Structures are given as C-alpha cells and as structure tokens.
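On the provided structure of chain G, position chains A, E and Z as indicated by the hints.
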Amino acid sequence: MSARSLVSEGFDSLKLAMDYAVSLRSAVVLLGRFPALSGADISVERGEIVVVRGANGAGKTTLLRLCAGLVALYAGEGEVLGYDLREAGSAAKDWRSRVGFLGHETRLYGDLTAKENVEFALALSGRAALSARAQRGGGLRGGGQRGRELRHSTATGSPSVAASALERLELPERLHHERVSRLSAGQQRRVALACVSVRHPELWLLDEPHASLDADGRECVDDVIAEAAAAGAAVIVVTHEQGKVFDNLRTATLAGGRFMEALP
Amino acid sequence: MIAPLRAVALIAGKDLRIELRSRVVFNHVLPFAVLVLILFGFALDADSDALSSFAPGLFWVAVLLAALLAIGRSFALERADGALDSFRLANISPVAVFAGKALAVFVQLLVLEVVLGIGIVVFYGASLEKPGLLVVAGVLAAAGIASAGTLYGVVASQLAVRETILPLLLLPVLAPVLIGATRAFGDAFGTVAVNGWSWLGLLGAFALVYTTFGALVFGPLLEEG
Amino acid sequence: MAENTNSPTSIPDNTSSPTTRILGWVTLAGLALLVIFAFFVSPEDSRQTADGTIIGQFDAVRLLYIHVPSAVFAYVSFSITGLGSIIYLWRRTRWWDHVAHASAEIGVIFCGITLLTGIIWGRPVWNTWWEWGDVRLVTTLLLFLIFVGYLAFRAVPNEPHRQARNASILAIVGALNIPVVNRSVEWWENRTLHQRSTLADLKIEDETLLTLMIGFAVFALLFLWLLVHRFRVAWLSKEAAEAGLEQALAERRAEASSSSGAEVSGSSRAEASSSVEARS
Amino acid sequence: MTHIGYLVAGWSIGLGVLGAYALSILIRGRKLSSQVLPKRRRWMTSDGD
Numbered sequence: 001m002s003a004r005s006l007v008s009e010g011f012d013s014l015k016l017a018m019d020y021a022v023s024l025r026s027a028v029v030l031l032g033r034f035p036a037l038s039g040a041d042i043s044v045e046r047g048e049i050v051v052v053r054g055a056n057g058a059g060k061t062t063l064l065r066l067c068a069g070l071v072a073l074y075a076g077e078g079e080v081l082g083y084d085l086r087e088a089g090s091a092a093k094d095w096r097s098r099v100g101f102l103g104h105e106t107r108l109y110g111d112l113t114a115k116e117n118v119e120f121a122l123a124l125s126g127r128a129a130l131s132a133r134a135q136r137g138g139g140l141r142g143g144g145q146r147g148r149e150l151r152h153s154t155a156t157g158s159p160s161v162a163a164s165a166l167e168r169l170e171l172p173e174r175l176h177h178e179r180v181s182r183l184s185a186g187q188q189r190r191v192a193l194a195c196v197s198v199r200h201p202e203l204w205l206l207d208e209p210h211a212s213l214d215a216d217g218r219e220c221v222d223d224v225i226a227e228a229a230a231a232g233a234a235v236i237v238v239t240h241e242q243g244k245v246f247d248n249l250r251t252a253t254l255a256g257g258r259f260m261e262a263l264p
Numbered sequence: 265m266i267a268p269l270r271a272v273a274l275i276a277g278k279d280l281r282i283e284l285r286s287r288v289v290f291n292h293v294l295p296f297a298v299l300v301l302i303l304f305g306f307a308l309d310a311d312s313d314a315l316s317s318f319a320p321g322l323f324w325v326a327v328l329l330a331a332l333l334a335i336g337r338s339f340a341l342e343r344a345d346g347a348l349d350s351f352r353l354a355n356i357s358p359v360a361v362f363a364g365k366a367l368a369v370f371v372q373l374l375v376l377e378v379v380l381g382i383g384i385v386v387f388y389g390a391s392l393e394k395p396g397l398l399v400v401a402g403v404l405a406a407a408g409i410a411s412a413g414t415l416y417g418v419v420a421s422q423l424a425v426r427e428t429i430l431p432l433l434l435l436p437v438l439a440p441v442l443i444g445a446t447r448a449f450g451d452a453f454g455t456v457a458v459n460g461w462s463w464l465g466l467l468g469a470f471a472l473v474y475t476t477f478g479a480l481v482f483g484p485l486l487e488e489g
Numbered sequence: 490m491a492e493n494t495n496s497p498t499s500i501p502d503n504t505s506s507p508t509t510r511i512l513g514w515v516t517l518a519g520l521a522l523l524v525i526f527a528f529f530v531s532p533e534d535s536r537q538t539a540d541g542t543i544i545g546q547f548d549a550v551r552l553l554y555i556h557v558p559s560a561v562f563a564y565v566s567f568s569i570t571g572l573g574s575i576i577y578l579w580r581r582t583r584w585w586d587h588v589a590h591a592s593a594e595i596g597v598i599f600c601g602i603t604l605l606t607g608i609i610w611g612r613p614v615w616n617t618w619w620e621w622g623d624v625r626l627v628t629t630l631l632l633f634l635i636f637v638g639y640l641a642f643r644a645v646p647n648e649p650h651r652q653a654r655n656a657s658i659l660a661i662v663g664a665l666n667i668p669v670v671n672r673s674v675e676w677w678e679n680r681t682l683h684q685r686s687t688l689a690d691l692k693i694e695d696e697t698l699l700t701l702m703i704g705f706a707v708f709a710l711l712f713l714w715l716l717v718h719r720f721r722v723a724w725l726s727k728e729a730a731e732a733g734l735e736q737a738l739a740e741r742r743a744e745a746s747s748s749s750g751a752e753v754s755g756s757s758r759a760e761a762s763s764s765v766e767a768r769s
Numbered sequence: 770m771t772h773i774g775y776l777v778a779g780w781s782i783g784l785g786v787l788g789a790y791a792l793s794i795l796i797r798g799r800k801l802s803s804q805v806l807p808k809r810r811r812w813m814t815s816d817g818d
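Which chain is which? The protein sequence lines are G, A, E and Z, in order.
Sequential numbering of the first sequence, starting at 1, is according to the numbering used here.
Sequential numbering of the second sequence, starting at 265, is according to the numbering used here.
Sequential numbering of the third sequence, starting at 490, is according to the numbering used here.
Sequential numbering of the fourth sequence, starting at 770, is according to the numbering used here.
Treat the hints with care, since some could be wrong.
Claimed, not checked - For lysine to aspartate or glutamate, the following EDC-like pairs were computed, each having C-alpha atoms within a straight-line distance of at most 16 angstroms:
id, chain 1, residue 1, chain 2, residue 2
1, Z, 800, E, 502
2, Z, 808, E, 548
3, Z, 808, E, 502
Derived by calculation from the structure, the hints in this document are not laboratory data.
Computed from a prediction, not measured in an experiment: that's the story for all the values here.
One chain only, chain G, in its complex shape:
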C-alpha cells in the first residue's frame, strides 16, 4: 500500500490492512492467458477459519496460491499478513515464511521417509534450532495435545518435533520411517499437514486437507485446524467436506474465479 493511498483513504485502510490476515479486493490472477481468479474479494481475520467451496475449476487452488505469494496478482489489490501482494521479487516476499500451504498435491519427497519430510520442512523453516525449547508444545500449540505430549515425553524421553507433529496427526509410529511413496494417500495427507504444522504459520492455506482421509482422520485434521485458529492463526480451508468444526463457520463459494456473495 503506497503512502499516497494511506493519506487519501485515511486511517481506515491502515486499520484494514492491519486487522485482516488476508484481504483481497477485485483480485485477478492469470494462469498463462486464463483468468483463474477474475475479481475475488475476501477478508479473513486472524484467528478465523474460512471455508471456501466451489466447483472444479472455480479458482480455489489459485486463491490459495495467491494468498501464499506463489502467483502474481495481475490486477486488483491484496494484502496478506499486512504485506502488499503487488510487491514483486523474493526479497519483498519474506512474509511467505509465515504462511503454511498444503497444496492440492502434497509437496512431499516420495523417496524420503515421513519423518525426514517433516524434518526437512522444519529445517528449512529455521525452527529446528528451536525444537529443544518447543518440546512443551511439540509441533503444535494445542490445548488438548499438551497433556498427551507431556505423558509421552516422560515415558520415552523427549520426542523430536517432527515425531510429535506426526503423532498429533495420528500417523502410527511404525510408519514414521517408511518412505512416503509407500504410504496411502490419506497417510500422505497427514504427513503433508504435519510439514505445515511444524512451521507454526500465522496463516494456514489448506487445499482439501480431508482428501482421502477416513472419518477418524478428518476429525483429527479438524482438531488441528481448530487448535491453530484458537492459537490465533487465520485459516482458509478449501473443502467439499462437512466436518464438525466447519458447521458454524463462515463459508464462501467461488465460481468463475470470484466469490458469489460479498464478504465483509
């Protein structure tokens, strides 16, 4: 946001940028020549979970990729975590390290084990050094999880951050050292979400986090999402599912690259 627009639009726009984790106004994103987003407006507050629905090709994945700073904004305006999406170049995009992105396809390395994948994500995020301190919270900051974590720690010594994140997502311990390519699709989803969770993002962007999961798995994922929001993170979930935590949430429907209803 330029200085001039701050002056002309007054204090409100500053407040707007600060309060929302995500704020898009008439956002247009081109994939090649195709307008995947054709003028999307949405705002998401910190600590809020927004569910995005829409048919195939409605622009859901592109919406998430835009919020993650992975595709360029072609026209319109947008801020994520207070940063202008129109700023180009990787130097201007260091806020992306505060975003957790679970893609439609998991970005896992098939030939590394589940634990190695999480450890790699953790090491890239630079949080590995903090892992010793983070033992009390494990990979996740959650209320219900802390007790279990503590029990585990006293029983077997301190589990690594990666192991506890995988445990939180209820991946059986015998699979931690299995290559990801040998896991089922649902188990891979859990590993991918563990990779997101160890980074403690302030904004979670989840593309079909429940895909190929059974009922228990969905519930577990829902809990993790709720915990993240309770800890103050904003969450955008693209889903077809009707999870229990999603019943009373704000739901936005994408069609033709824009939202059907005006969002506050």
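Chains A, E and Z alone, transformed into the frame defined by chain G:
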C-alpha cells in the same frame, strides 16, 4: 530464514539422500551413459585406433547426454506442485537454492565421470598419462556443467515442454566446456599433442561465470512475474 | 506518423505507416542496386602472385556482398537483443521486450543467411562446404543455435511477465557466452581460413569496396524496416492477446452467474473490469 | 562468369529467405491488426507498460 550455507547443505543433502534411496541416476542414467560409450564403439566400427584417439571427445559427449538426464531428474524431484514452491515459502535465499541444487548435480556428475573414465579405458583402450590434469579438468568441467545446467534446468522446468527444450537451450551453451574438456583430456590420455593445462583456465572461467550469473539471476527465475 | 494515429479512421489495419512504406521502397530499390553492383559493376577477385600464377576467389567474391552485410547485421541484431533484454530487466517496459524479441528473430534470419551463403561460398573458394577449424564459422553457428533456442523458448506459452523476464535472462546469458565460445574455438584449432580482414586482404579495388558499402547501407535499411514491422507485430500480438483477455475475463465472470444464478452486483463488476488494465 | 551455379544459389537463397520472412511479417501484421481495436494500435505513441 536460515543461514545460506546451511540451506545449501540441506538442499544438496536432501537431493543426494533421495538419489541414494531411489538410485534413479545410478540405475538409469549411469547405465545409459555407458550404453552411449558402447554405441560409439558400434558406430565407429570397433576400430580400436579411432576409438582410443577419440576417447576424450566421446567421453565428454556421453557426459553431456547423461548430464541432461541428471539435471532433468534434479528438477523433477521438486516439480510436484509448481517450481520449487517449498523453498520460496520457507524464504530460502535463491542463491542457496541454486547452490544446493547445483552441488547435488555436481556430485552426481563426478560419479558419472569416474565410471565413464573407467569405461573409456576398458572399452576404448585409452591409456592415462597425466592423472592430475584429468582430475582437475574433470572437476572444473563438472562444475561448469552443473552450474549452467541448474540455471537452464530451472528455466525449462517451468514449461510443459521441459524435456525437449532443455537440450536445445543448454547444449550450445556448453560447447566451450566440451571443447576445453576434450582438449584437456586429450592431453591427459596422450591422444593429442596440446598443453592440456592451458585449457583449465577456460574451464575454470566458464564455471566461474555460470556460477556467478546463475546465483545472480536465480531469484528472479524462481518468482512468477 | 504521429498525426496519422490521431484520428481513428486513419489508423491502418496493417503494420505499415507512410514512413515505413517509403523505407520499404527505398530498401527494395537498394537491393536491386546491390544485385546490379554485385554481379555487373564490381570486378572479379584475381591477383597475380610473384611467380606469375593468378589466384583469388574470381566470381565467388560476388557472394560476399550478401554474406558479409548479413553477418554484420546478425551480430548487430543480437547485440540489440542483449541490450534490449538488459533494459527490459532494468526498466520492465514492454517496449524493450518487444525490441529484443523482434531483433532476435531478425538476427536468426540474418545469421541463417550468413551461414548458408558462407557454406555455398566455401565450396568453390576453400574447397569445402564446412570448415571446423574456422573460428568465426563455428562461433556464428553456435550463436545461431543459442538464439534458435531463445526463439523456441519464446514460442512456448507461458505467463507473459515471466516469459519476458526469463527470455531476457536467456538472451543475456547467450550473449555473455559468445566471447567464451569465440576464445575456445580459437584455441581449439589454432588455424583459420577466414579472411582476417576482408577489406584489407582482398586488395580491394574501388568498385569492390563501393559494392560492399552499398551492401552495408542496404542491409541497414532492410534491418530497420524488418525491425519496425516485427516490433509492431509483437506489439499487436500482445494487444490481441490482451483483447482476448478482456473477453476471457467476461466469460470467466459469467460462469459465476450461470452456475448458480446468484447475482453479482453491477458496481463490483465494473470495478473489477476497470482494474484489469492496471498491469496490462 | 566463374562459379555461376554457386552465385545463383547463394543469392537466390539469401534474397528468397529475406523476401519470405518480410512477407510473413506483413501477413502476420495484417491478421493481428484485425483483432486489435484501432486505438490500441498506437505502438510508438504509447509509453509502454
């Protein structure tokens, strides 16, 4: 944000660990390169004089062809969801990503060169005269190929036609490496009467230019607009 | 030309303008003049050595009047591409991207003509179609291939800004590589057949030099004409793609209303469509 | 004239390629012009991006 050197080690280590597990370069690319050596034997009518005198050039053509596959593989690892997204999201310095990817390719190229080097001794009857020159030329050429290959590999990896456009973009650029390394090896194997050491400057300069330039432009190359 | 574009009715439906039309006819006349000079006015190349034998290229020298100017302007084209790419990366104006693209395409055409005429000339004069030991020949071939790759890259559909940026980087790397290629080929075969300096070596008589100068002048005009027109084609294709974009956006937005019948407020639609021009 | 075959071949290939290329540019320009509104055809007067 983590220290760039640590990021380089992480990325290169990850690529090499995946290679150790999957053995794609070892099981596919390396036999392919040896196969190329054998095909040259058939093509040159098993003329042992010709084979031993052309051994250095044939060696480097086999290395270049194998390098194309190794570079393609290096970026296929990261392809799952767009170009190297996880590094962008983790705010890793693009210079470190470039160095990490190039370093892993470099190590794999060295292994390829060792095996192919044994191959030309066995199949072509090349006899080594200057091992020191051979080692230095092999390392410098591998560094140049890995840097230029990583630079062009990321450009190609963003396109649907990545497999077919990479050789077209990369091979003309690698011509000086082929010339220089072939001359240096020619001297090392005693097949041509040139001073092979004088070619190392060219190989070194090439590696330096492409490492510097690759590191400079890798940031913009990773971004979308 | 400026007055021509002011009223909509006078804007032509092609890439010509009065200026380029004149330039085009002058170029054509120049080419005709060049052919006449090359074939009929300039003398054949023959010299008598000390022992009395006659040597030289004889009439094959007439091929050089197309070969040398196209070679020079191939290098000029690629230099402009490199320069345009640097300016594009610096200023990010589409104008320079179009110049770089247009110039590269013309450079590849000129470079191809240089290689073909060189091969044809080499057969009678050097007694070989191709000479690996010749530095300039091999360097020019690699330059040709590098920019063929550049054009192939530009022909692949891609996100427009990314394509322009990556193409600029490719062009600069390609241009950087030329001195390296040149040095390496020079050291590689320490001999060359190429005329070291055509102007001095040939003991150029007046008409020979004059014809060569006419060749340079005509190719300069030709290059200019091609560049202007090719630039305009690049401009138009960008505009056409963007005109398609407006339509694609409208269609994309219509999906929203047709899929569920929900109404999208008119004001937000207008707002969105006006913002599309922001980066176009 | 010596080498008449080479001369004719070289010049006709060179001029032929140039002519074909120039023609292709003109045709491309005409085709594209019909797809672009007149006011967007002001290539030189615009200040670019």
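For each hint, the structure was consulted:
With a C-alpha separation of about 9 angstroms, the suggested pairing of residue 800 of chain Z with residue 502 of chain E holds against the 16 angstroms cut-off. Straight-line distance between C-alpha atoms of residue 808 of chain Z and residue 548 of chain E comes to about 53 angstroms, which puts the hinted pair past the 16 angstroms bound. The hinted pair formed by residue 808 of chain Z and residue 502 of chain E meets the criterion: a straight-line CA distance of about 11 angstroms does not exceed 16 angstroms.
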